[in-house]
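Going left to right, the sequence shown walks through residues 1 to 214 as our numbering numbers them.
Hints are computed from structural coordinates only; laboratory data are not their basis. All clues stand as given, with none of them false.
No farther apart than 25 Å at their CA atoms in a straight line, the calculated lysine to any residue pairs in the SDA-like style are these:
no., residue 1, residue 2
1, K91, D173
2, K98, Y204
3, K91, F185
4, K98, C88
5, K98, V209
6, K162, M60
7, K203, P72
8, K50, V40
9, K98, R171
10, K98, K179
11, K98, D76
12, K98, G69
13, K91, Y130
14, K91, N210
15, K98, C170
16, K176, E70
17, K196, V174
18, K203, G97
19, K91, A129
20, K176, H208
21, K98, P62
22, K203, A85
23, K98, R180
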Amino acid sequence: AAYTAPGSDFKFVHLEDIAEDSDLLPKQGHGYTMSPVPEVIQTVVDLCEKHQLIKEVDDMLPDPGPVDGEMPAEVDCFVVGAGIAGICGAKALVETGKSVVVVDRYRTIGGIWMFYANNFSRVNSSEPAYRICNQEGPASRPNEDHSPRHDILRDIFTVASKYLYGKVRCRKDVIKVDKRADGTFDIQVNDLDTGKVSTTHAKYVTFHVNRRIG
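Let's have the full structure, built from the sequences with the hints guiding it.
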């Protein structure tokens, strides 16, 4: 294999010039991995920011449709949470012919992958479980071991734009769910921007939230 020489901005960071390491290992057990040298950390940060491939994730995401509409008075299925689980669940319901509304308290969809991940976050669990788009042909992305954040978000927004366009309401907070005698539900929702409280009647309610952002 041909060797490619490093670019002109390649840089060595000499640890011995930064800190004396004669007794670092005995004291900390794992040396610099336990207490990274600030100059090394900053060098890594600078390189990541300079060479990252995706700088503006929002610009590459499909349009999920308007998310600020009025709440419907009645719907078959009421989905709480517009992260990957909520969006996938709502898609499955739409495919069965059910009417659906998806609500989320944040400004847009994506859940943890939008608000708690960063551009360098990747899938670190079951990769096949995160493949929520059926992709075929030359335009499909390769089967990666650890899909990056922008690919996961692109899949979430793709599903929403295709199956849930106009069915998502953001900046909405569910404050109460009452079960009727017939087994259906009344869901009270607070609009976080206007303070208006509305009630939607639904046959089914499903929650896709967690303690981190729910």
